[in-house]
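Q: Residues per chain are reported as follows:
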Amino acid sequence: MSILRVEQLNAHHGLLQAVRGVSLSVGEGETLALVGANGAGKTTLLRTIAGGHRASSGTVVFGGADVTSLPAHRRVRRGITLVPEGRRLFPEMTMEENLLVAARGGRKGEWSLSRVYEAFPILHPLRRKRAATLSGGEQQMTAIARALMTNPTLLLIDEASLGLAPVAVERVYESLETVVATGTTLVLVEQDLGRALSVASRIVCMLEGRIVLEGSATEITREQIVEAYFGLRRGNGGGET
Amino acid sequence: MEAPAATPVLVASGIRKRFGALTVLEDVNFALRADEAVGIVGPNGAGKTTLIDILAGVQRPTRGSVRFRDQEVTGRTSAALCRLGLARAHQIPRPFGGMTVFENVLVAAAAGAGHTRSTAYERSLGVLEQCHLLELANRPAESLGLMHRKRLELARALATDPVVVLLDEIGAGLTDDEAAELVATIQEVHSGGVAIVWIEHIVHVLVQVVRRLVCMDAGRVIADGDPDVVMADAGVIDAYLGSTAR
Numbered sequence: 001m002s003i004l005r006v007e008q009l010n011a012h013h014g015l016l017q018a019v020r021g022v023s024l025s026v027g028e029g030e031t032l033a034l035v036g037a038n039g040a041g042k043t044t045l046l047r048t049i050a051g052g053h054r055a056s057s058g059t060v061v062f063g064g065a066d067v068t069s070l071p072a073h074r075r076v077r078r079g080i081t082l083v084p085e086g087r088r089l090f091p092e093m094t095m096e097e098n099l100l101v102a103a104r105g106g107r108k109g110e111w112s113l114s115r116v117y118e119a120f121p122i123l124h125p126l127r128r129k130r131a132a133t134l135s136g137g138e139q140q141m142t143a144i145a146r147a148l149m150t151n152p153t154l155l156l157i158d159e160a161s162l163g164l165a166p167v168a169v170e171r172v173y174e175s176l177e178t179v180v181a182t183g184t185t186l187v188l189v190e191q192d193l194g195r196a197l198s199v200a201s202r203i204v205c206m207l208e209g210r211i212v213l214e215g216s217a218t219e220i221t222r223e224q225i226v227e228a229y230f231g232l233r234r235g236n237g238g239g240e241t
Numbered sequence: 242m243e244a245p246a247a248t249p250v251l252v253a254s255g256i257r258k259r260f261g262a263l264t265v266l267e268d269v270n271f272a273l274r275a276d277e278a279v280g281i282v283g284p285n286g287a288g289k290t291t292l293i294d295i296l297a298g299v300q301r302p303t304r305g306s307v308r309f310r311d312q313e314v315t316g317r318t319s320a321a322l323c324r325l326g327l328a329r330a331h332q333i334p335r336p337f338g339g340m341t342v343f344e345n346v347l348v349a350a351a352a353g354a355g356h357t358r359s360t361a362y363e364r365s366l367g368v369l370e371q372c373h374l375l376e377l378a379n380r381p382a383e384s385l386g387l388m389h390r391k392r393l394e395l396a397r398a399l400a401t402d403p404v405v406v407l408l409d410e411i412g413a414g415l416t417d418d419e420a421a422e423l424v425a426t427i428q429e430v431h432s433g434g435v436a437i438v439w440i441e442h443i444v445h446v447l448v449q450v451v452r453r454l455v456c457m458d459a460g461r462v463i464a465d466g467d468p469d470v471v472m473a474d475a476g477v478i479d480a481y482l483g484s485t486a487r
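Those sequence lines, one after another, are chains A and B.
First residue of the first sequence: 1, per this note's numbering; consecutive thereafter.
First residue of the second sequence: 242, per this note's numbering; consecutive thereafter.
I should point out that these hints are in silico values taken from the structure, not numbers from a laboratory.
Careful: at least some of the hints might be erroneous.
[Stated by the list, open to error] Reference listing, derived: stretches of chain B covered by chain A, where coverage requires no fewer than 3 residues with Cβ under 8 Å from a Cβ of chain A:
(1) 344 to 358
(2) 385 to 393
(3) 444 to 453
[What the hints assert, rightly or not] Counterexamples of contact, computed for chain B against chain A with all Cβ distances above 12 Å:
(4) R304
(5) G305
(6) T341
(7) H373
Ideal placement from N, C-alpha and C gives every residue a C-beta, glycine not left out.
Model the full assembly from the supplied sequences, consistent with the hints where possible.
A: Pasting the structure below:
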């Protein structure tokens with residue numbers, strides 16, 4: 001059963017159309033990885049689903065209700081939360097204050113401070129540290145934990161591993177596995193295909209604002225992804241998608 | 242006298258660029274022949290735009306040198322390089338919005354190439370025709386859509402009479418049909434004797450024009466050669482998709 005349905009979604013940045021007629025369905029409890037080159041429209045799609053970017057046309061249906069016109073904070077109350085690219089923590093607040101702020105705007109549910117520290121013990125010793133002083137990996141884990149404090153049904157994560165040292169990426173992905181195990185539906189934008197495949201059950205590849213490949217993470221081949229990622233099959237004449 | 246086509250017209254040697262503690266380019270060597278069209282690809286943060294900035298005189302390298310038309314040009318301003326024949330079309334076109342399309346190109350022909358008034362007029366009309374903008378010559382630039390803004394950006398670069406044009410993601414955001422039209426124009430420009438260096442994420446568009454691809458990753462050149470060979474290179478695919486990919 002699908003929890004999220006995106007239908008014929010279009011989104012622009014000024015004159016530039018970043019998302020072109022995207023239709024997508026995400027099942028309850030599914031982990032979907034959105035891959036594609038820079039400028040493919042992944043982040044805009046994620047932000048449009050989360051309510052951080054206005055759709056030019058099309059609909060976002062969540063839990064059976066049309067949420068297209070709802071602002072981001074009201075989508076959070078419905079259960080859609082975004083972990084944005086670059087984390088966007090409140091730098092002058094402590095790590096724990098960042099978590100508590102999110103809890104105030106979110107829903108009641110399984111995730112609380114004690115549950116977060118149980119799931120991510122690495123965060124507990126950092127609770128009094130200012131967010132600005134945390135390492136990149138610690139900030140990313142805080143951003144994920146902050147999103148969980150809203151008790152989302154659908155968690156959208158944009159570039160969880162970007163700019164992190166390999167050891168920090170390992171930790172962040174371990175935390176994602178914890179999230180997946182709770183049954184939270186996850187949509188993940190990730191540049192590193194290997195990482196994406198390590199947690200995702202389905203892969204969607206975007207190119208120039210469109211979905212050009214979609215399939216099960218176990219069945220889709222590396223060659224298919226490479227071809228879709230670069231759009232090389234249609235290279236000799238600018239043909240149709 | 243023009244250099245023979247086989248002689249590199251633009252050469253960057255041993256380029257390093259640091260921003261504070263961050264090394265963005267390390268030992269980058271790049272040479273462009275006068276008859277070449279070369280694409281530069283690479284994942285986010287590879288250093289492509291910084292390299293173009295250095296070639297265009299926008300950034301000064303921390304180490305290394307740039308030669309253009311047999312002259313040492315390291316550290317020269319982009320305006321000085323433009324007068325020497327090195328033009329750039331930016332990713333985000335920023336025309337003079339209140340001026341007409343024609344006036345925008347005229348500024349480039351007069352200030353960029355140093356043409357006199359009558360020659361600049363003539364040159365501007367020729368470039369507008371080449372870029373399929375003649376019908377829009379009297380429109381204010383701010384009224385143009387994305388495709389026409391991109392064409393105007395290219396026209397402004399061409400109006401400076403370049404030997405080399407640096408194109409920075411000029412295909413981004415275009416539809417398939419628009420990209421195909423732009424490719425045809427760029428092919429025509431190149432056939433007219435202008436060397437091209439083109440950064441582009443849309444690889445299938447890029448390979449319709451270039452016969453050589455340079456792939457960068459983490460500030461270094463990791464592949465350089467025939468586009469089919471470069472795009473099939475395991476190191477290139479790993480650079481984009483991660484080394485743990487299947």
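Q: Against each hint, give a clear statement of whether it holds in the structure.
A: Going through the hints against the structure:
Only residues whose C-beta sits within less than 8 Å of a C-beta in chain A count toward coverage, and the segment 344 to 358 of chain B has 0 of them, not enough to reach three; the restraint is violated. Against chain A, the segment 385 to 393 of chain B contributes 3 residues with a C-beta closer than 8 Å to a partner C-beta. That satisfies the three-residue criterion, and the hint holds. Closer than 8 Å: that is the beta-carbon criterion, and the segment 444 to 453 of chain B has 5 residues meeting it against chain A, so the requirement of 3 holds. Under the 12 Å C-beta cut-off, the non-interface status given to B/R304 relative to chain A holds; the minimum distance is some 25 Å.
The Cβ of B/G305 lies farther than 12 Å from every Cβ of chain A, with a closest approach of about 26 Å, so its non-interface assignment holds. No Cβ of chain A comes within 12 Å of the Cβ of B/T341; the nearest lies about 19 Å off, and the non-interface call holds. For B/H373, the non-interface assignment is confirmed: its Cβ lies about 16 Å from the closest Cβ of chain A, beyond the 12 Å cut-off.
Hint 1 alone, counting from the list given before, is not met by this structure.
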